[in-house]
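A.B. asks: Now for the letters of each chain:
2 protein chains.
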Amino acid sequence: MENGGRLTMIENLWKGIALISASEDGYKAGEIIKEKLRNLEIPVVHYRYQEAKIEDIWKCYNAVIFIMALEGATRIVCKYAKAKNEDPPVICIDDKINYVIPLIGGHWGANEIAKELAQMFNATAVITTAAELKGKLSVEKIAEILIAKIINPESIVRVNSALLRDEIVCVIGANKIPPLSQNNIKFNSEDCKYIITLDYNKEYDSNKIIVKLKPLKLAIGIGSKKEVNLSEIREGIYKILERLNVDINRVGVIASIREEVRKLAEELNVKFRLINENEINNFTNPCLTPPSKTLTELGLKGVAEVSALIAGGKSSKLILRKIPLSKSITIAVASYEEE
Amino acid sequence: MENGGRLTMIENLWKGIALISASEDGYKAGEIIKEKLRNLEIPVVHYRYQEAKIEDIWKCYNAVIFIMALEGATRIVCKYAKAKNEDPPVICIDDKINYVIPLIGGHWGANEIAKELAQMFNATAVITTAAELKGKLSVEKIAEILIAKIINPESIVRVNSALLRDEIVCVIGANKIPPLSQNNIKFNSEDCKYIITLDYNKEYDSNKIIVKLKPLKLAIGIGSKKEVNLSEIREGIYKILERLNVDINRVGVIASIREEVRKLAEELNVKFRLINENEINNFTNPCLTPPSKTLTELGLKGVAEVSALIAGGKSSKLILRKIPLSKSITIAVASYEEE
Numbered sequence: 281m282e283n284g285g286r287l288t289m290i291e292n293l294w295k296g297i298a299l300i301s302a303s304e305d306g307y308k309a310g311e312i313i314k315e316k317l318r319n320l321e322i323p324v325v326h327y328r329y330q331e332a333k334i335e336d337i338w339k340c341y342n343a344v345i346f347i348m349a350l351e352g353a354t355r356i357v358c359k360y361a362k363a364k365n366e367d368p369p370v371i372c373i374d375d376k377i378n379y380v381i382p383l384i385g386g387h388w389g390a391n392e393i394a395k396e397l398a399q400m401f402n403a404t405a406v407i408t409t410a411a412e413l414k415g416k417l418s419v420e421k422i423a424e425i426l427i428a429k430i431i432n433p434e435s436i437v438r439v440n441s442a443l444l445r446d447e448i449v450c451v452i453g454a455n456k457i458p459p460l461s462q463n464n465i466k467f468n469s470e471d472c473k474y475i476i477t478l479d480y481n482k483e484y485d486s487n488k489i490i491v492k493l494k495p496l497k498l499a500i501g502i503g504s505k506k507e508v509n510l511s512e513i514r515e516g517i518y519k520i521l522e523r524l525n526v527d528i529n530r531v532g533v534i535a536s537i538r539e540e541v542r543k544l545a546e547e548l549n550v551k552f553r554l555i556n557e558n559e560i561n562n563f564t565n566p567c568l569t570p571p572s573k574t575l576t577e578l579g580l581k582g583v584a585e586v587s588a589l590i591a592g593g594k595s596s597k598l599i600l601r602k603i604p605l606s607k608s609i610t611i612a613v614a615s616y617e618e619e
Numbered sequence: 281m282e283n284g285g286r287l288t289m290i291e292n293l294w295k296g297i298a299l300i301s302a303s304e305d306g307y308k309a310g311e312i313i314k315e316k317l318r319n320l321e322i323p324v325v326h327y328r329y330q331e332a333k334i335e336d337i338w339k340c341y342n343a344v345i346f347i348m349a350l351e352g353a354t355r356i357v358c359k360y361a362k363a364k365n366e367d368p369p370v371i372c373i374d375d376k377i378n379y380v381i382p383l384i385g386g387h388w389g390a391n392e393i394a395k396e397l398a399q400m401f402n403a404t405a406v407i408t409t410a411a412e413l414k415g416k417l418s419v420e421k422i423a424e425i426l427i428a429k430i431i432n433p434e435s436i437v438r439v440n441s442a443l444l445r446d447e448i449v450c451v452i453g454a455n456k457i458p459p460l461s462q463n464n465i466k467f468n469s470e471d472c473k474y475i476i477t478l479d480y481n482k483e484y485d486s487n488k489i490i491v492k493l494k495p496l497k498l499a500i501g502i503g504s505k506k507e508v509n510l511s512e513i514r515e516g517i518y519k520i521l522e523r524l525n526v527d528i529n530r531v532g533v534i535a536s537i538r539e540e541v542r543k544l545a546e547e548l549n550v551k552f553r554l555i556n557e558n559e560i561n562n563f564t565n566p567c568l569t570p571p572s573k574t575l576t577e578l579g580l581k582g583v584a585e586v587s588a589l590i591a592g593g594k595s596s597k598l599i600l601r602k603i604p605l606s607k608s609i610t611i612a613v614a615s616y617e618e619e
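If you're matching them up, the sequences are chains U and E in order. Residue numbers for the first sequence follow the working numbering, beginning at 281 and rising by one. Residue numbers for the second sequence follow the working numbering, beginning at 281 and rising by one.
Excised from the complex, chain U in its bound form:
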């Protein structure tokens, strides 16, 4: 948590937090929350309810926070909620930031997010689940955290039931799966009936239930003012990779509208992709962060996210929503399948 120096859950919400406010008071509260989260380098976008495409937001963010009375949030949730495993963590905060209320997704992170937010704002986290219930890892969640694709989805159900039963599951090719509880995970051992492995070409004992994960490549998109500061960008890239728990060798491409960034890509031994404004403005993706005023004035839809997604190709998905590295640099990351 903040005071203890660890934001266990919130800082792992790479796809970002969507704040949705309904009233003027709610909007003011939302801006306060946004600033605080931005200072912690959490990607966050604040929408007015009237302008929010909630159906897209539902799929595009790691958490959705309604800043309004609970009844309003509940009726909106009722419109968009699908099922326990499909919905994002949804939290309601009142306009006065007195209460932080996990509404759905309690076992998928909403409780932890609410606790961390409540601590930040000296509010009450309204936790209503039994204390002993904790978020359970699932194969899908592990694949997401390890930025990998599940090759054999037919094994998911059996390994998920093992995880639910708290049976020991081996994870091969990773050392940790932050931020979820992982008491029942044994790393880099084959000594389990159930194995989730990033070493997907290897043959395993046929008695074991194996989920094979193929690591995805990363496309890094850089937005920068005309004066490009390469050392700042380099530092930012390494900081981001640490946050995603991956090495530089997972980065397949660095993309930017600034030709100067090519030098840094070459230095890092990573392919460079120059993006032009025309490409940017022809590109669409429902998960893009709405452009800032400055970008809109420049006639651009976005830079960092669009660059990453274009460079990643058809299969690319936004995994780190853009965050500012400094006043002049933004960074975003997409994952994609190597062809």
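Any copy will do: because identical chains look the same in the list, a pair fits if it lies in one copy or spans two.
Using 25 Å as the maximum straight-line C-alpha spacing, the simulated SDA-like pairs for lysine to any residue come out as follows:
(1) Lys416 with Ala302
(2) Lys364 with Ser303
(3) Lys376 with Lys416
(4) Lys607 with Glu512
Because the hints were derived from the structure by calculation, they are not lab data. All values derive from a computational prediction rather than experimental measurement.
Given chain U's structure and the hints, the job is docking chain E onto it.
C.D. replies: Just chain E, lined up with the frame of chain U:
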């Protein structure tokens, strides 16, 4: 409130509170809540979620309280919620009774009910609506509280907008409308543009917008063990009438399976209706309180409520769910239209 000697909202929930619990811990918490409310003579029924017909409960009670984690309650609410004006106040209480959370119906009583419950159980009422928003009276609510039928529904919309705008509305034929705020109500005066009147045969100034209410008659159902204590029943009837804010002349019939009660009805100058077991067991109504073990053992579906509803005839509706007057007596009230 309890400590101040006044339960402003809860004691007016004549149609009762439905408690719905999901887990064993929730059931235990629900029983604690039930006992406390019963001691305050609030009609309350505790259902296990698996057995609860929520669609009926939604229409039959003045408030619905889920004792479970908020996510569960939210997903159930999503299944049954219709619209702001149609749904009952719905509250969620966690298994530990730490939080009392108005989920929907905040402006229709849920906030006040939650505050009163929280005070009873030393819990936190999670109020998320802006402080200045208060429950507004509506014509429908006033008619319900005054136990009357709206004769000219075409005037409802205009008087409701006046109430919403906080314009002064005159109410003729009543002295109070507990428990809702009524700063903008002027009693027994014709000095308003908008008038709600129980004096429905009178002609009013044609420039005024009039809602005419026809007072409904009451049918009182008495359940009693074989040893009938008439003075206890008499006392109970008067207590109940005080609670409903009506005089004995509104009572059209007293009904019981005990012939002995006829004497009391004659004394009170009210018609008596003897109910037989056969009638009881052929009677159905979705709002009936599920029978107690004792009744089930006696092969009876219910006594007080069924007697009241049978005696009231086709138009009768349960308005006071059965409550015990003593260990051996229960009472329930239905309203009906005089033919």
